[in-house]
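Read top to bottom, the protein sequences are chains A and B.
Just so you know, the first sequence maps onto residues 1 to 293 in full-length UniProt numbering.
Just so you know, the second sequence maps onto residues 1 to 251 in full-length UniProt numbering.
I should point out that these hints are in silico values taken from the structure, not numbers from a laboratory.
Just to be clear, a hint being listed does not mean it is correct.
To be clear about the criterion: a stretch of chain A counts as covered by chain B if any three or more of its residues have a C-beta under 8 Å from a C-beta of chain B, and this derived list gives those stretches [stated by the list, open to error]: (1) 155 to 162; (2) 166 to 173; (3) 216 to 224.
From the structure, some residues in chain B lie toward chain A, with a derived Cβ separation under 7 Å [what the hints assert, rightly or not]: (4) LEU26; (5) VAL55; (6) PRO56; (7) TYR78; (8) TYR102.
By construction, the Cβ of each residue, glycine as well, lies at the ideal position given by its N, Cα and C atoms.
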Amino acid sequence: MIEPFTVPFMGRALAELALLALICGPVSVFVFVRRLSFVSDALTHTVFPGVVIGFLAGGIEGIVVGALVAGVVTAVVLTLLTRGGALSDDASTAVVLTAMFSIGVALVSRRSSYTSDLTSFLFGRILTVTTRQLAETAVLAVVILGFLLIGARALIFRTFDPAGAAAAGYRIAWLDLWLNIIVALVVVAAVRAVGTILVVALLIVPAAAARMLTARLTGMAVLSTGLILLAGYGGLLASWTASVDYGVSLTSASAVVLLLVLAYLLLLPIGVLRQRRVRPVPARRGSPHELVG
Amino acid sequence: MGEAALRYAGVSVGYHGTPVLREVELTLAGGQRLALVGPNGAGKSTLIKSILGLVPVLAGTATVLGGTPAGARHRTGYVPQTDSLDADFPITAAQVVMMGRYRRIGWWRPTRAVDRRAVREALDRVGLADRGGSHFGILSGGQRQRVLLARAIVAEPGLLLLDEPFNGVDAVSQDAIVRVLRELSAAGTALVLSTHDLTVARELADLVCLLNGRQWALGPPAEALTGESLRRAYGGHAIDVGDGRTVLVEP
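The task is simple: from the sequences and hints, build the whole structure.
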């Protein structure tokens with residue numbers, strides 16, 4: 001069970017996933033409670049053209065810079081678009097998502113190695129993670145966790161009670177930008193290893209699964225991290241076993257994601273049962289009423 | 001009594017330059033209880049948001065605790081309507097109350113013993129000492145409202161604003177809230193609460209401000225809530241039933 005990870009590339013892949021688990025666990029909790037699943041999905045798509053441009057300009061090493069610029073720009077644009085209320089969150093997000101993704105595809109299709117490039121951008125290359133990439137992910141992880149730690153309290157307040165947070169003097173738009181940038185940074189950190197599509201799974205599924213087991217935010221963050229670690233280990237092991245012992249090709253990143261989704265499905269009934277047990281039907285007094293004066 | 005908790009002189013408030021509420025003229029001293037009364041859409045919530053500096057003052061002068069509305073935010077407490085909150089949010093009652101201390105604690109410093117004690121005391125005060133560890137969402141509407149009141153109390157505000165604090169609230173919770181509000185005003189906190197409920201306004205408020213697009217009456221309940229002023233503010237929805245009584249039927 002441990003032996004495959006003594007092979008250097010497997011060890012690095014596991015280390016990379018462990019780092020991603022550390023950041024995706026807590027961040028996914030915020031994505032969950034803030035209902036930012038769709039925004040996260042959009043961010044992963046809009047980072048895509050940044051990845052392509054970065055790669056065209058600077059090769060593999062250019063990817064992070066390209067992704068970083070695209071991610072931060074998207075975070076700002078999404079915050080501004082949804083703030084004015086001119087567009088609904090969904091519509092404006094969808095517009096940005098599809099526009100940016102198309103630009104990415106148009107750019108990458110100009111290259112002769114179109115298909116293989118596209119695949120690696122979309123699904124990542126977890127098994128070819130280098131020591132340098134590991135170091136970069138570690139730096140990003142420290143930055144992301146730092147940002148999250150500073151903003152956590154205000155972000156929780158804003159998410160639970162936007163009007164109350166504004167009344168307490170918090171700047172809602174800045175907090176929204178803060179969280180959008182954190183999510184963008186996670187996408188940047190994860191993009192080379194798991195690709196722009198699968199990172200969505202790491203940002204959405206763990207917290208949703210953890211919520212089935214606990215109603216505590218810290219508990220959710222710890223469980224989410226644990227789930228990603230387990231799925232990371234299990235997924236890598238499964239893809240190794242499949243290809244070494246059975247000669248079947250099973251992409252590591254998809255194995256990881258499938259295990260996460262499996263965990264979610266297994267926990268789903270527990271969550272439903274818990275909900276039934278703890279949620280009374282709230283008693284309400286009728287509102288259209290008559291008042292005697 | 002010193003500075004007024006609230007002074008509105010010829011104030012219009014609204015969104016995007018369009019007034020929702022005009023000609024508001026009121027002064028509230030420390031410890032006084034003001035009820036904002038009016039039909040749905042009268043501008044009660046808008047007036048409360050303007051006191052918080054969240055809706056712009058379009059005309060006139062608004063002074064809150066001696067300063068601008070936005071500048072007074074750290075000394076103003078706000079209790080939102082419970083309905084506006086997500087009951088599924090994974091958070092305990094005590095964590096919600098702790099939010100009232102966030103501005104005092106700062107962005108990332110850990111909570112101190114004094115904060116935790118304030119939270120316990122506030123929960124005790126609203127009669128929920130044993131529910132601190134409960135998930136906010138499993139509490140009844142009235143209990144949630146009391147938790148939000150406790151959150152406002154721990155910030156020790158000079159002026160407390162409550163948006164429809166008795167909507168969907170059971171009798172036990174209503175009694176608890178009324179008791180705490182009386183204690184607060186006795187200790188010098190000025191209160192502004194919006195309500196549909198004329199009985200509540202009569203029993204709880206020193207001053208009633210009757211609103212519907214503009215200020216229709218201001219004064220002690222007996223003076224402000226006359227059949228005549230209610231008919232003016234509520235239009236056709238106030239029906240005189242004789243015996244000097246008026247019935248309001250909201251559309």
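Right, here's what the structure says about each hint:
1. With 5 residues having a beta carbon nearer than 8 Å to a beta carbon of chain B, the segment 155 to 162 of chain A meets the requirement of three or more and the stated coverage holds.
2. Counting residues of the segment 166 to 173 of chain A whose beta carbon lies closer than 8 Å to any beta carbon of chain B gives 4, which meets the minimum of three for the stated coverage.
3. With a cut-off of 8 Å between beta carbons, the segment 216 to 224 of chain A has 3 residues touching chain B; three or more are needed, and the interface restraint holds.
4. With 7 Å as the threshold, the beta carbon of B/LEU26 stays out of range of chain A, its nearest partner Cβ sitting at about 20 Å, so the hint is violated.
5. For B/VAL55, the shortest C-beta to C-beta distance to chain A is roughly 11 Å, which exceeds 7 Å, and the interface hint is violated.
6. Hint status for B/PRO56 relative to chain A: violated, with the closest Cβ pair at about 13 Å, above 7 Å.
7. With a least beta-carbon distance of about 4 Å to chain A, the hint placing B/TYR78 at the interface is held under the 7 Å criterion.
8. The criterion of a C-beta within 7 Å of any C-beta in chain A is met by B/TYR102, whose closest approach is roughly 5 Å, and the hint holds.
In the structure shown, a violation is registered for the earlier hints numbered 4, 5 and 6, in ascending order.
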